[in-house]
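Q: First to last, the protein sequences are chains A and B.
Mapping of the first sequence onto my numbering: position 53 corresponds to residue 53, and the numbering continues sequentially without gaps.
Mapping of the second sequence onto my numbering: position 305 corresponds to residue 391, and the numbering continues sequentially without gaps.
Think of the hints as simulated: they come from the structure by calculation, not from any bench.
Any given hint could turn out to be false.
Said to hold, decoys possible - Residues of chain B clear of chain A, computed beta-carbon distances all greater than 10 Å:
no., residue
1, A213
2, E256
3, R314
4, T331
5, R424
6, S464
Unchecked claim - Under the rule of at most 25 Å between Cα atoms (straight-line distance), these lysine to aspartate or glutamate pairs were calculated in the DMTMM-like manner:
no., chain 1, residue 1, chain 2, residue 2
7, A, K19, B, D366
8, B, K287, A, E11
9, B, K287, B, E330
10, B, K287, A, E53
11, A, K57, B, E360
12, B, K287, A, D76
13, A, K12, B, D366
14, B, K224, A, E9
15, B, K209, B, D219
16, B, K224, B, E330
17, A, K12, B, E330
18, B, K209, B, E320
19, A, K19, A, E40
20, A, K58, B, E320
21, A, K19, B, E360
22, A, K58, B, E352
23, A, K12, B, D341
24, A, K19, B, E377
25, B, K485, B, D513
These figures come from a predicted structure and were not determined experimentally.
All C-beta atoms, glycine included, are put in the ideal place defined by N, C-alpha and C.
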Amino acid sequence: MAARTKSNEFEKAFQQLEKIVQRLEGEELPLDDSLQLFEEGIRLSRFCHQRLEEVEKKIETILADAKGQPVTEPFDAGEMLDEDEE
Amino acid sequence: MSPCAYDSSMAAPRVFSVSELIRQINLDLFKYNDISVEGEVTNYTRSSAGHHYFSLKDSRAQIRVVFFATNARFLRFRIENGLQLIVRGRLTVYEAKGEFQLNAVVAEPAGLGALQLAFEQLKKRLAEEGLFDADRKKPLPMLPQRIAIVTSPAGAAIRDVLHVLGRRFEGLTLHVYPVRVQGANAAREIATALRHLSRWKLHDVILICRGGGSLEDLWAFNEEIVARAVAACEIPTISAVGHETDFTICDFVADFRAPTPSAAAEIVIRAKSEICTHIDHMTHRIHHIVEGRVRNYRHELRHLTSSDKLGVVPQRIARTRERLERRRVMLFRLLDARAKSMRRRLAAFDEPLAAYPARIVRERQHLKALMATLSAVSPLSVLSRGYAIAFSRTRRRRKPILDSSQVGVGEQIEVQVKRGRLVCTVDQRTLGVESLWPETDVL
Chain A
1 MAARTKSNEF EKAFQQLEKI VQRLEGEELP LDDSLQLFEE GIRLSRFCHQ
51 RLEEVEKKIE TILADAKGQP VTEPFDAGEM LDEDEE
Chain B
87 MSPCAYDSSM AAPRVFSVSE LIRQINLDLF KYNDISVEGE VTNYTRSSAG
137 HHYFSLKDSR AQIRVVFFAT NARFLRFRIE NGLQLIVRGR LTVYEAKGEF
187 QLNAVVAEPA GLGALQLAFE QLKKRLAEEG LFDADRKKPL PMLPQRIAIV
237 TSPAGAAIRD VLHVLGRRFE GLTLHVYPVR VQGANAAREI ATALRHLSRW
287 KLHDVILICR GGGSLEDLWA FNEEIVARAV AACEIPTISA VGHETDFTIC
337 DFVADFRAPT PSAAAEIVIR AKSEICTHID HMTHRIHHIV EGRVRNYRHE
387 LRHLTSSDKL GVVPQRIART RERLERRRVM LFRLLDARAK SMRRRLAAFD
437 EPLAAYPARI VRERQHLKAL MATLSAVSPL SVLSRGYAIA FSRTRRRRKP
487 ILDSSQVGVG EQIEVQVKRG RLVCTVDQRT LGVESLWPET DVL
């Protein structure tokens, strides 16, 4: 659930950044306003970059336990090939 | 032609009971113990116990087929009317009805393979249900960072995915949900995995992957149970099963189809790197725009302060001041002229005015002379010398008495002296007597 909400936050920030670029490009804004938009845009850009790097880099296996809850453990990439395949 | 159809000398034929006959025929039919018949399916029905009943026909004949559940459970496709079918089995006569019937052991579609047919049938059915419709497809999240991959942990697919991600997956979490990807339980395991992942909602996207293989190998991904689980999954799915040319039902139901597991990984990676690039681009844009604007403003400001634009103001002030000065001068000049003209007009009066004093003196002397004369002739001056004036009173108007005949004796007269007046009664009068003084002296 948390993951999804965070994605939405990112998308919102991203869209806002897009809107700011559009406004700055499209409208004749007073200088004060464009400076304010600029600051906001830089803030959003930083936020997005932060989000991009923030997810922990990892590979795990995930499985359901007896109660149907997720259980993760480190993924061993060196495991044998499944006998079913190849 | 003999008169009799049957030779009476011949032994009479054996009489069978019906059952005996059918049994005998069934024995004779043993040579049809393992035959294959091809025909079009018609009159298809299926019992609740799972037995299939239908006829196979061609243009001229038909034969009943019974396909018992014990044999039919291995069927992958659905038998339906109109299907061109090759049925392999044993030909018998159904004792209860005395009808030929084919007891099917195996059925295969003519032309296509059974799997191919099953695939086409399920595809058609799910398509009609709308499971492949574009409006059911969920969009991929903009930034897929938490990725679940349903696959064999030791298969080629996960190897390929990891290879593509390589060192590039900063900011990505990959969860491998291990399942068997072929064999009897594969479809069930895949479906279960999808149900769990959909419920947990821990991921941005689910990859359903398997390396290449035959249609038989990939079969789990063509099973309805998998198709339904994918359709029900609330997290966007990318299906990447087999090679580019392999299409599975799972591919059709999933939100996205990647031609290979590597390609699925590429989609995820690309989404992220494209976003990165886009953000950098936008950041650059706003820098550029705002810097440009600030530069423009600065330029304009310099322009304004330095040259004509703002210089206009002092210029205008100077010009106004100049105009004001001109007006002032003009006004003064005007006033001056006015004053001069007034002065000139005043001066015009000066001459007659200057004549006045002399004239006054002269007039005053004249007046004095007149007054002297006047006082000389005034009766008052005569009175002051002791003379008196007598007035008659009887007449309406007082009149100086010049002749004594003007009044009678006993009449009253008034006598005016220098100071005061006397009322007198005439006692006596003398008529016609000359005055004491010559006439000329009187007034």
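Q: Please go over all the hints and tell whether each is borne out by the structure.
A: Comparing the hints with the structure gives:
1. Consistency note on A213 of chain B: stated as away from chain A, and its beta-carbon is indeed over 10 Å from all of that chain's, at 29 Å minimum.
2. The claim that E256 of chain B lies off the interface is violated: its Cβ sits roughly 6 Å from the closest Cβ of chain A, which falls inside the 10 Å cut-off.
3. Even its closest Cβ contact with chain A, about 18 Å, leaves R314 of chain B beyond 10 Å, as expected for a residue assigned away from the interface.
4. Against the 10 Å criterion, T331 of chain B stays outside the reach of chain A, whose nearest CB is about 18 Å from its own CB.
5. Its beta-carbon lying about 57 Å from the closest one in chain A, R424 of chain B satisfies the requirement of being farther than 10 Å from that chain.
6. With a cut of 10 Å on Cβ distances, S464 of chain B stays outside the contact zone with chain A, its closest approach being about 108 Å.
7. Pair hint K19 of chain A plus D366 of chain B holds up; C-alpha atoms about 15 Å apart against a cutoff of 25 Å.
8. Between the alpha carbons of K287 of chain B and E11 of chain A the distance comes to roughly 18 Å, so the proposed pair stays at or under 25 Å and holds.
9. In summary, the hint linking K287 of chain B to E330 of chain B is not supported, as the alpha carbons are separated by about 29 Å, beyond the 25 Å threshold.
10. With a C-alpha separation of about 21 Å, the suggested pairing of K287 of chain B with E53 of chain A holds against the 25 Å cut-off.
11. At most 25 Å may separate the alpha-carbon atoms for a hinted pair to count; K57 of chain A and E360 of chain B meet this at roughly 19 Å.
12. For the proposed pair K287 of chain B and D76 of chain A, the alpha carbon gap of about 24 Å is at most 25 Å, so the pair holds.
13. For the given pair, K12 of chain A sits about 17 Å from D366 of chain B by alpha-carbon distance, which is consistent with the 25 Å threshold.
14. In summary, the hint linking K224 of chain B to E9 of chain A is supported, as the alpha carbons are separated by about 18 Å, within the 25 Å threshold.
15. A hinted pair counts as satisfied when its Cα atoms are at most 25 Å apart, and K209 of chain B with D219 of chain B qualifies at roughly 12 Å.
16. A C-alpha spacing of about 22 Å is found between K224 of chain B and E330 of chain B, which places the hinted pair at or below 25 Å, so the restraint holds.
17. At roughly 35 Å between alpha-carbon atoms, K12 of chain A and E330 of chain B are farther apart than 25 Å, so this suggested pair is violated.
18. For the proposed pair K209 of chain B and E320 of chain B, the alpha carbon gap of about 21 Å is at most 25 Å, so the pair holds.
19. A hinted pair counts as satisfied when its Cα atoms are at most 25 Å apart, and K19 of chain A with E40 of chain A qualifies at roughly 11 Å.
20. This hinted pair checks out: K58 of chain A and E320 of chain B have alpha carbons roughly 24 Å apart, not beyond 25 Å.
21. A hinted pair counts as satisfied when its Cα atoms are at most 25 Å apart, and K19 of chain A with E360 of chain B qualifies at roughly 18 Å.
22. For the hint linking K58 of chain A to E352 of chain B, the alpha-carbon distance of about 17 Å falls within 25 Å, and the restraint holds.
23. The hinted pair formed by K12 of chain A and D341 of chain B meets the criterion: a straight-line CA distance of about 22 Å does not exceed 25 Å.
24. Of the supplied pair hints, the one linking K19 of chain A and E377 of chain B holds, its CA atoms being roughly 18 Å apart against a limit of 25 Å.
25. Pair hint K485 of chain B plus D513 of chain B holds up; C-alpha atoms about 19 Å apart against a cutoff of 25 Å.
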